[in-house]
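Enquirer: Single-letter residue listing:
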Amino acid sequence: EDQVTQSPEALRLQEGESSSLNCSYTVSGLRGLFWYRQDPGKGPEFLFTLYSAGEEKEKERLKATLTKKESFLHITAPKPEDSATYLCAVRSFYGGATNKLIFGTGTLLAVQP
Amino acid sequence: NAGVTQTPKFRVLKTGQSMTLLCAQDMNHEYMYWYRQDPGMGLRLIHYSVGEGTTAKGEVPDGYNVSRLKKQNFLLGLESAAPSQTSVYFCASSYASGGKYNEQFFGPGTRLTVL
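As you go down the protein sequences, you meet chains A and B in turn.
The letter at position 92 of the first sequence is residue 92 when you use this note's numbering, and the numbering goes up by one with no holes.
The letter at position 23 of the second sequence is residue 23 when you use this note's numbering, and the numbering goes up by one with no holes.
Bound-form chain A, shown alone:
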């Protein structure tokens, strides 16, 4: 069964304190791993898609990496505005034709000034 597990559930950082969020997955033929950001009371906002092990994507203070079993979202020198829930999702070979995604439960990040 395809599965996505995110850790930690919650993370509290001081402004400027770099850290990483983890997304481990078990999927029948990965056809894409997606990172989203979700602010309270809003819908998820797309950040990155990764397709193959070794791939990396960057956006401002965020960098996503992918291995054959997990993905990391590295946050460098975070600011309070980076506070949000970060969601990871995978698209499997069997979900490919319909673009269906399987989501993890997310990591709630709080960055204190």
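Hints were generated in silico from the structure; no laboratory data involved.
Everything numeric in this text was worked out from a predicted model, so none of it was measured.
Some hints here could point you the wrong way.
As the list claims (entries may be wrong) - Think about it this way: if two alpha-carbon atoms lie no more than 35 Å apart in a straight line, the pair counts; the simulated DSBU-like pairs of lysine-lysine are:
| id | chain 1 | residue 1 | chain 2 | residue 2 |
| --- | --- | --- | --- | --- |
| 1 | A | Lys-79 | B | Lys-14 |
| 2 | A | Lys-59 | B | Lys-9 |
| 3 | A | Lys-63 | B | Lys-70 |
| 4 | A | Lys-42 | B | Lys-70 |
| 5 | A | Lys-57 | B | Lys-71 |
| 6 | B | Lys-71 | A | Lys-59 |
| 7 | B | Lys-14 | A | Lys-42 |
| 8 | B | Lys-57 | A | Lys-57 |
| 9 | A | Lys-68 | B | Lys-57 |
| 10 | B | Lys-9 | A | Lys-57 |
Once you've looked at the hints, dock chain B against the given chain A.
Expert: Below, chain B alone, put in the same frame as chain A:
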């Protein structure tokens, strides 16, 4: 471009009442999805559609029905609401699979409470 919009934003129902949630997208996306999000459960797929006039069941379809009469609209119906359907509902849309640039775009959500 409004992207994906959802109506209403909030709703309170009594057990047994019915309602319809409306999702609209202006990106000419072929695929549309309805999710529910509950604490500790993540986003779970209720129903989805790969084109006008087509619908299919997702992971948690019981108690819900959907219709896609127009490409830009996807309706989610609750025929007889139950307290277990208290949740936040999100609609999403995407281009058809086959290409790399087909991430799902989400609406702002509808918060539904069933008493």
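Enquirer: Now tell me, hint by hint, if it's right for this structure.
Expert: Results for each hint:
no., hint, in the structure
1, Lys-79(A) <-> Lys-14(B), "42 Å, violated"
2, Lys-59(A) <-> Lys-9(B), "30 Å, holds"
3, Lys-63(A) <-> Lys-70(B), "38 Å, violated"
4, Lys-42(A) <-> Lys-70(B), "25 Å, holds"
5, Lys-57(A) <-> Lys-71(B), "32 Å, holds"
6, Lys-71(B) <-> Lys-59(A), "32 Å, holds"
7, Lys-14(B) <-> Lys-42(A), "25 Å, holds"
8, Lys-57(B) <-> Lys-57(A), "33 Å, holds"
9, Lys-68(A) <-> Lys-57(B), "29 Å, holds"
10, Lys-9(B) <-> Lys-57(A), "33 Å, holds"
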